[in-house]
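Number of protein chains: 2
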Amino acid sequence: MELSARQQRIVEIVKEKGPITGEKIADILELTRATLRPDLTVLTMSGYLDARPRVGYYYTGKTGSQLFQERLLKMKVKDFQSIPVVIPENSSVYDAICSMFLEDVGTLFVVNENGKLIGIVSRKDLLRASMGKQDLEALPIGIIMTRMPNVTTCTAEDSMLEIANKLISKQIDGLPVVKKDDNGEYDVIGRITKTNITKAFVYIGAEE
Amino acid sequence: MELSARQQRIVEIVKEKGPITGEKIADILELTRATLRPDLTVLTMSGYLDARPRVGYYYTGKTGSQLFQERLLKMKVKDFQSIPVVIPENSSVYDAICSMFLEDVGTLFVVNENGKLIGIVSRKDLLRASMGKQDLEALPIGIIMTRMPNVTTCTAEDSMLEIANKLISKQIDGLPVVKKDDNGEYDVIGRITKTNITKAFVYIGAEE
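Which chain is which? The protein sequence lines are G and B, in order. Here the UniProt record's numbering is used: the first residue of the first sequence is 1, the next is one more, and so on. Here the UniProt record's numbering is used: the first residue of the second sequence is 1, the next is one more, and so on.
Hints were generated in silico from the structure; no laboratory data involved. Just to be clear, a hint being listed does not mean it is correct.
Claimed, not checked - On the chain B side, residues computed to face chain G include the following (Cβ under 7 Å):
| hint | residue |
| --- | --- |
| 1 | MET75 |
| 2 | GLY115 |
| 3 | LEU117 |
| 4 | ARG123 |
| 5 | LEU127 |
| 6 | GLN134 |
| 7 | LEU161 |
| 8 | ASN165 |
| 9 | LYS166 |
| 10 | LEU167 |
| 11 | ILE168 |
| 12 | ILE172 |
| 13 | LYS194 |
| 14 | PHE201 |
| 15 | VAL202 |
For glycine and all other residues, C-beta sits at the position ideal for the given N, C-alpha and C.
Chain G extracted, bound-state conformation:
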């Protein structure tokens, strides 16, 4: 975000004289409080300034670069996740491949009869299985899936940066966004893949 000349001037005033009320800033700039309000809002929301009731505005001392980093860490899974595609545990490998093409996803989550996460299966797992000479319609998905507790999961509140790190370090394509229920089992509420990370990357580039 580029500050306007007036916003830069406000930052300088607050840096020098803060904490300072909006009224006093308006006096110094010979402007009305109402004229200044949008600028003060922008500066507070973007993190350059902070405000305390009955005290006034003060300078946070953060550089643009630091504020950018903080924004990066504020990019959460919940802001970028996709809808999860789940299949029941009694599916065959053939069923799973069909779901994958039908839903056009690279990762499927396998759930038990209560809808709780029990495994995950990737395009790579299915390709490997289809190379065997087995009958795919008779091969249960449970045989080839990665089974809990070996499934890497994440929560809606995790940062995208954390997830990108996990995907790289564990060499996986995607993971389920889960919510633990009272019995310690997982409901699948979302899906995060390298596609979502790529979208987040495009988003930061387009943001300003």
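Since the structure of chain G is already known, use the hints to place chain B on it.
Chain B alone, transformed into the frame defined by chain G:
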């Protein structure tokens, strides 16, 4: 990047009095030119200040956030690309699947007898082919690959941001990094996938 107190002071001096020589800045701060040199180097390299011979230092007027954006655009394909995996055009689908597992990649490039790019094949293409009832060892890769000129390509000098955009808008997993030869044909010199974008994302987060 967070500026030190002294670096911030230098930026302020240059902002106010620039263009100004290093010597004069040193005078104002009551320091030697040699003591200041590292700070001036950091500030110039990071883009806060610029210097012209016989004129001195001046303030670029760029905020940390803008500088960050510029750095983002400077992240090039050549800095993040992976080694390409190519297969000859007379490969069977079975050969291709074996290469994909052996090399652990999600995208293969198909080349003619001169090593020039003629097509691309993804894990999804291979999975689709393996679902048919055909004999994979007898099925030529040319039948299922995406053929030139329908292959999206990029060059080593493209920015990662541009590529991330292409991967999302065209819904593809990866693309070849190519170099055009004198006959207008393409040599494949690298591979960029969503994995490389994810690594670039982790890189920006870890940078500062």
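Hint-by-hint comparison with the structure:
Using the Cβ-Cβ criterion of 7 Å, the hint placing B:MET75 at the interface with chain G is not satisfied: the shortest such distance is roughly 10 Å. The closest approach between the C-beta of B:GLY115 and any C-beta of chain G is roughly 26 Å, which is over the 7 Å cut-off, so the hint fails. At about 23 Å, the closest approach between the beta carbon of B:LEU117 and any beta carbon in chain G exceeds 7 Å, and the interface hint on this residue is violated. Restraint check, B:ARG123 versus chain G: the minimum CB separation of about 5 Å is within 7 Å; hint holds.
Restraint check, B:LEU127 versus chain G: the minimum CB separation of about 5 Å is within 7 Å; hint holds. The criterion of a C-beta within 7 Å of any C-beta in chain G is not met by B:GLN134, whose closest approach is roughly 12 Å, and the hint is violated. Against a cut-off of 7 Å between C-beta atoms, the interface hint on B:LEU161 holds, since the closest Cβ of chain G lies about 4 Å away. Hint status for B:ASN165 relative to chain G: holds, with the closest Cβ pair at about 5 Å, below 7 Å.
For the restraint placing B:LYS166 at the interface with chain G, the shortest Cβ-Cβ distance is roughly 10 Å, beyond the 7 Å limit, so the hint is violated. Evaluation of the B:LEU167 hint against chain G yields a held restraint, the C-beta minimum of about 6 Å falling below 7 Å. With a least beta-carbon distance of about 6 Å to chain G, the hint placing B:ILE168 at the interface is held under the 7 Å criterion. Checking B:ILE172 against chain G: minimum C-beta separation of about 10 Å lies over 7 Å; hint violated.
At about 4 Å, the closest approach between the beta carbon of B:LYS194 and any beta carbon in chain G falls short of 7 Å, and the interface hint on this residue holds. Of the supplied interface hints, the one on B:PHE201 holds, with its beta-carbon coming within about 5 Å of a beta-carbon of chain G, less than 7 Å. With 7 Å as the threshold, the beta carbon of B:VAL202 comes within range of chain G, its nearest partner Cβ sitting at about 5 Å, so the hint holds.
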